[in-house]
Amino acid sequence: MNMMTKNLVESGFDVQRIRDDFPILSQQIRGKPLVFLDSAASAQKPRPVIDAMVNAMETQYANVHRGLHWMSERTTDAYEGTRDAVARLINAPSRDEIVFTKNTTEAINLVAYSYGRGIMRPGQAVVISEMEHHANLVPWQMLRDACGIELRVAPVTDAGELDMVGLEALLVDRKVGLVAITHMSNVLGTVVPAVRVAALAHEYGAKVLFDGSQAVVHRAVDVQAIDADFYVFTGHKLYGPTGIGVLWARRELLEAMPPFMGGGDMIGTVTFERSTWAEVPHKFEAGTPAIIEAIGLKAAIEYVEAIGFDAITAHEGRLTDHALARLSAIPGLRVLGAAQDRGGVFSFTMQGAHAHDIATLLDRQGIAVRAGNHCAEPLSRRLGVDSSARASTGIYTTEAEIDVLADTLLRVREFFT
Amino acid sequence: MFDDVRDLYSSEIRDHGRSPTHAKRPAGFDAAAKGDNPMCGDRVQVFVRRDGGRVAEAGFEARGCEITIASADLMCEAVSNQPIDRIRALSDQVAAMARTGHCDACDAALRRLHPLSAVHEYPSRVKCVTLPWHALLAALDGEKESTSE
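If you read the sequences in order, they're chains A and B. Numbering-wise (this note's numbering), the first sequence opens with residue 27 and increments by one. Numbering-wise (this note's numbering), the second sequence opens with residue 636 and increments by one.
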């Protein structure tokens, strides 16, 4: 046992025990152990999440919020219990401020529609950054084109950090109604100084939204400490199922915003002449929700909480140091971004080898990475790369897996040179 | 290591992928179109010089993986001096070969392209083979852009 593993075991973090909770990790790919380094795209699921979803379907399933029977009441309790778990996870002041969506993309589209069209006015602006996922870019372009709201892009530095001076320059005319920024880049791993961004936005009268898709997996998030106005994330990157995401917003914002979609469950009363809306958060949850997926998300949250974010962040910090040391020692390999505060996401290019060819060769050795633009095409352009390969870690990733990646990349380099 | 990828990364594919001979604009080209694979960032621009109902010469410019570049280079070689109707049929046959690995009604032109059929074992890479063909057909149809999606 090396020192790192020893420290983690002593702090209650036993990566092998965690790996045992993820049935898929014992798979072999073409006769080789799976080395799953694509958790930033979607993470694997631990047994408690799988069991919670199966158990709900086998023992207590019905529609929520409408049945006057045992099954519906139990299912409603389980579904609504997830709201409490999410509120606890991100330290939201109230469970009623938690809105369930399909994923991060839908949560941002909800804000772009309900806040952008409902509250913002033509002539105002939205600020994003150069390192946004398309999910936090395209909805704002659509808002711009539909409603005459300007879209401004805050620069990132060559190190891949948010340029705070450049951000402030976009805010000084006080036309910005909303700053919508990633909390952690899905390409560079950069963790954005959310407290400073929120303070700056507020200083110039703007609200602030953080895309927490990556950050919520790797760091303890406290929306009150950040002083955020909106915070969004998705379940499937947090070891939960697909089909369930979260929008948190301050109650007064949710109350002022018009509904996003109309239908059942989001109404007060309905006549042919008019309808009234349910109270928040239900005003934003039209139709039968993702019940089983919400139950799975609660199990995922409880799973990471039981491990604890102190241990998760410490594990990831050691993995990150190790990965950067190993990758940067490979001749011709360029790791994109060099932020001071970064998490376990490593995008890289290799001289003489295209990212797709790298990914195919790694795949044949059982190593799963992503290749391409990572849904952040403008960032690739900003960095001057056509595409890159990306390795990303999860709570189950080991140093030994990073070594397998680095050793195999050395062979990939030989293959292509 | 990597012996099991030698089917796709054969010496022929690697030669065309690394040292393409048609990676240029033919003199006097009269049609061109871009092909984009938005998921990966690969981009190919194909240029053709026509002579009546035939493609007299084809060339390309690309940024992409070895498979895309090899496919573009082999395509330009295969379609030069071919009737446009034959090129359209060839495009369908290449797409089918890339998906299935089979070379039905395999004539000399298709046999030349046959090394690309290994891509059928790599479903996520089939688009790398077909992207240049999308761009070529777009150029012949008078369009400016195409996509592998």
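Source of the hints: derived by calculation from the structure; they are not laboratory data. Mixed in with the good hints, there may be bad ones.
[What the hints assert, rightly or not] Just the calculated beta-carbon pair ranges, DEER-fashion: (1) A/I50 x B/P758: 29 to 39 Å; (2) B/P758 x A/M168: 29 to 39 Å; (3) B/R723 x A/E281: 58 to 68 Å; (4) A/H95 x B/H737: 32 to 42 Å; (5) A/R147 x B/G663: 51 to 61 Å; (6) B/A740 x A/N81: 37 to 47 Å.
The beta carbon of each residue, even a glycine, is placed where N, CA and C say it ideally should be.
Comparing the hints with the structure gives:
Taking 29 to 39 Å as the suggested C-beta distance range, the pair A/I50 and B/P758 does not conform, at roughly 20 Å. A beta carbon spacing of about 32 Å between B/P758 and A/M168 agrees with the range 29 to 39 Å that was offered as a hint. For B/R723 and A/E281, the hinted distance range of 58 to 68 Å is satisfied, since their beta carbons lie about 59 Å from each other. At about 57 Å, the CB distance of A/H95 to B/H737 disagrees with the hint of 32 to 42 Å.
For the pair A/R147 and B/G663, the supplied restraint of 51 to 61 Å holds, since their beta-carbon distance comes to about 55 Å. Distance hint check: the CB atoms of B/A740 and A/N81 are about 55 Å apart, inconsistent with the given range 37 to 47 Å.
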